[in-house]
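J.: What follows is the residue order along each chain.
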Amino acid sequence: MSKILVIAESSGPHLTTSTLEVCQAAFNLATSIKGSWSILVDECAANAAVRIAPDVISCPMGEDEAQSPGLWASIVVKTAGSADILIMAATSTGKDVMGRVAQLFNAPLAQDCTGVQVDSDSVIFRRELYGGKVIAKTKLTAKPTLATFRPRSITPISPSNTLVEATSCPVHNFIPKAKVTLQARFGSARM
Amino acid sequence: MNIAVCVKQTADTESQPILSSDQSRMIDDGLVWIINPHDESAIEVAIQLRDEHGGAITLFALGPDRVESALRQGLAMGADEAIHLRCDSMPDDQKIVADLLSDSLRSHDFDLILAGEMAIDGAGAQVPQRLGVLLDWPSITGVEELNITQNQLTARQPVEQGDRIHVCQLPVVIGINRRIMEPRYPSFKGIMKAKRKTIHVENVVLDSSQLNIESLELSKSRSGGEILTYEEGVAGKVISLMREHTNVI
Chain A
2 MSKILVIAES
12 SGPHLTTSTL
22 EVCQAAFNLA
32 TSIKGSWSIL
42 VDECAANAAV
52 RIAPDVISCP
62 MGEDEAQSPG
72 LWASIVVKTA
82 GSADILIMAA
92 TSTGKDVMGR
102 VAQLFNAPLA
112 QDCTGVQVDS
122 DSVIFRRELY
132 GGKVIAKTKL
142 TAKPTLATFR
152 PRSITPISPS
162 NTLVEATSCP
172 VHNFIPKAKV
182 TLQARFGSAR
192 M
Chain B
15 MNIAVCVKQT
25 ADTESQPILS
35 SDQSRMIDDG
45 LVWIINPHDE
55 SAIEVAIQLR
65 DEHGGAITLF
75 ALGPDRVESA
85 LRQGLAMGAD
95 EAIHLRCDSM
105 PDDQKIVADL
115 LSDSLRSHDF
125 DLILAGEMAI
135 DGAGAQVPQR
145 LGVLLDWPSI
155 TGVEELNITQ
165 NQLTARQPVE
175 QGDRIHVCQL
185 PVVIGINRRI
195 MEPRYPSFKG
205 IMKAKRKTIH
215 VENVVLDSSQ
225 LNIESLELSK
235 SRSGGEILTY
245 EEGVAGKVIS
255 LMREHTNVI
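Residue numbers (the numbering used here), protein chains in the order written: chain A, 2 to 192; chain B, 15 to 263.
Here chain A stands alone, though its shape is the one from the complex (with noise of 0.2 Å):
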């Protein structure tokens, strides 16, 4: 059976729009491959997750550990274990942390998938390219299938009564290659 992860992005104790539509993608593609799907959440949303996924793993971060590329996907790559297809939103963050996870799997990534459709066994991922005026239907051969999808392209996920119980996932022995900070920018940021 095929395990999917989703790679959660957060604000504050909220999950992004961005993740909650990655998170529909994720349950459209379990059921259609009549397999499980978990996600991997920063600690501060983990009652977020609860109550979206059926599965959730959750990880203690500092305000600037959170900031590091590099640690999300060391994190990333820590907590995949079995999992076959690893999606995130193709967000700033989300880009840069699963072209690391890609890497570091040696494993090929389509970014900016606009759909995804399971054909015979297959899954297909929808891209845009050539600045949108063609549309590819891309097929990853490797595992894990590693991908990130544009916000906004998919209806974001409804939050459901159940409630899950998080898993917790210690952060270790990692030492980054570069100090990272966020500063705050004027202006509207979509949650």
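Incorrect hints may appear among the rest.
What the hints assert, rightly or not - Simulated restraints, written as ranges between beta carbons of each label pair:
(1) A:S33 - B:I253: 32 to 38 Å
(2) A:H15 - B:I41: 43 to 49 Å
(3) B:W47 - A:P61: 48 to 54 Å
(4) A:T182 - B:F202: 44 to 50 Å
(5) B:D102 - A:H15: 48 to 54 Å
(6) A:R52 - B:V262: 21 to 27 Å
(7) B:W47 - A:K79: 38 to 44 Å
(8) B:M206 - A:A185: 44 to 50 Å
(9) B:R210 - A:P61: 56 to 62 Å
(10) A:G63 - B:L220: 38 to 44 Å
(11) A:S37 - B:E258: 29 to 35 Å
Claimed, not checked - Here are the computed lysine-lysine pairs in the DSS-like style, where the Cα-Cα straight-line distance is at most 30 Å:
(12) A:K140 - B:K234
(13) B:K234 - A:K134
(14) A:K140 - A:K35
(15) A:K178 - A:K144
(16) A:K35 - A:K79
(17) A:K4 - A:K144
(18) A:K79 - A:K180
(19) A:K140 - A:K79
(20) A:K138 - B:K234
Claimed, not checked - Chain B stretches covered by chain A per the calculated footprint, using a threshold of three residues with CB under 8 Å from any CB of chain A:
(21) 128–137
(22) 153–163
(23) 170–182
(24) 223–232
To be clear, the hints were calculated from the coordinates, so they are not data collected in a lab.
Quick caveat, the model's predicted, so the values are computed rather than measured.
In this text, a Cβ means the ideal position worked out from N, Cα and C, and glycines have one as well.
Knowing the structure of chain A, use the given hints to seat chain B on it.
T.: Below, chain B without anything else, positioned relative to chain A:
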């Protein structure tokens, strides 16, 4: 400071793509080939850093023979050397691109590797991150501001929540966003000088791809849109249109 710039020759997205009859690939005929704009800005950044700190700039490009014109243009802008990793076609799988680039980059001594954060044709957006992992260097992508003092690099990476400020020691791989600065036009003197420069060619063999394009189709052209006139109830109509046709609200 010795700087490498990874350059991709891309089809200009202003040109109209034509698909093969089986819709499996794009036909190259009629496409206008340019340097990927993010890479062109990376060359500009490299030139300004070299002029400030000294050293040399080496361009790397993977692809068929046509790629030479992109390297000549980069040399005309002001790069010092160029290496063409020659193969029969451009791979769709960015893992192959990063593997080949890293193999060649390793055999030189660079302080900084620049690349565009993504290519405008394939929108793969992963080569800088992959190079960082392959070379075991820090990597920062989507960079719109860059400062180097002594051996320390500070980079600004805009993300949805604000600006991430990365600080690390060289060597580093940087994925440049074209917004960082406008690239210069090659001067006549630069073009003439570039013609005389030797482009070093390394023939490479592409691994089998694990990312396969099953089919292509042309996007439907956009309709002209709906023009609403200012009248009573127009706000409600706008809201219902946004609900029905977009995912905005």
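J.: Run every hint past the structure and note whether it holds.
T.: Right, here's what the structure says about each hint:
Between A:S33 and B:I253 the beta carbons are some 33 Å apart, a value that agrees with the proposed interval 32 to 38 Å. One distance hint, 43 to 49 Å for the beta-carbon pair A:H15 and B:I41, holds here, with the actual separation near 47 Å. For B:W47 paired with A:P61, a C-beta distance near 49 Å keeps the hint of 48 to 54 Å intact. In this structure the supplied range 44 to 50 Å holds for A:T182 paired with B:F202, their Cβ-Cβ distance being about 45 Å.
Under the hint 48 to 54 Å, the C-beta atoms of B:D102 and A:H15, about 49 Å apart, fit the expected range. Distance hint check: the CB atoms of A:R52 and B:V262 are about 24 Å apart, consistent with the given range 21 to 27 Å. Separation of B:W47 from A:K79 is about 42 Å and conforms to the stated range, judged on CB atoms against 38 to 44 Å. For the hinted restraint 44 to 50 Å between B:M206 and A:A185, the CB-CB distance of approximately 49 Å keeps it satisfied.
The given range of 56 to 62 Å is respected by B:R210 and A:P61, whose C-beta atoms sit roughly 59 Å from each other. Separation of A:G63 from B:L220 is about 42 Å and conforms to the stated range, judged on CB atoms against 38 to 44 Å. Taking the beta carbon of each, A:S37 and B:E258 are about 34 Å apart, inside 29 to 35 Å as hinted. Taken as a hint, the A:K140 and B:K234 pair is honoured in the structure, with Cα atoms around 22 Å apart against an allowance of 30 Å.
Straight-line distance between C-alpha atoms of B:K234 and A:K134 comes to about 8 Å, which keeps the hinted pair within the 30 Å bound. Only pairs whose Cα atoms come within 30 Å are accepted, and A:K140 paired with A:K35 is accepted, the gap being roughly 19 Å. Restraint check: the Cα-Cα separation between A:K178 and A:K144 comes to about 27 Å, which is no more than 30 Å; the hinted pair holds. With a C-alpha separation of about 25 Å, the suggested pairing of A:K35 with A:K79 holds against the 30 Å cut-off.
For the given pair, A:K4 sits about 11 Å from A:K144 by alpha-carbon distance, which is consistent with the 30 Å threshold. The hinted pair formed by A:K79 and A:K180 meets the criterion: a straight-line CA distance of about 21 Å does not exceed 30 Å. Pair hint A:K140 plus A:K79 holds up; C-alpha atoms about 25 Å apart against a cutoff of 30 Å. This hinted pair checks out: A:K138 and B:K234 have alpha carbons roughly 16 Å apart, not beyond 30 Å.
A count of 5 residues in the region 128–137 of chain B with a Cβ less than 8 Å from any Cβ of chain A is obtained; the coverage claim is therefore met, three being the minimum. Coverage of the region 153–163 of chain B by chain A holds [criterion: at least 3 residues with CB-CB distance below 8 Å; count 4]. Counting residues of the region 170–182 of chain B whose CB lies closer than 8 Å to any CB of chain A gives 12, so the stated coverage by that chain holds, three being the minimum. Under the rule that three or more residues need a Cβ within less than 8 Å of chain A, the assignment of the region 223–232 of chain B holds, with 10 such residues.
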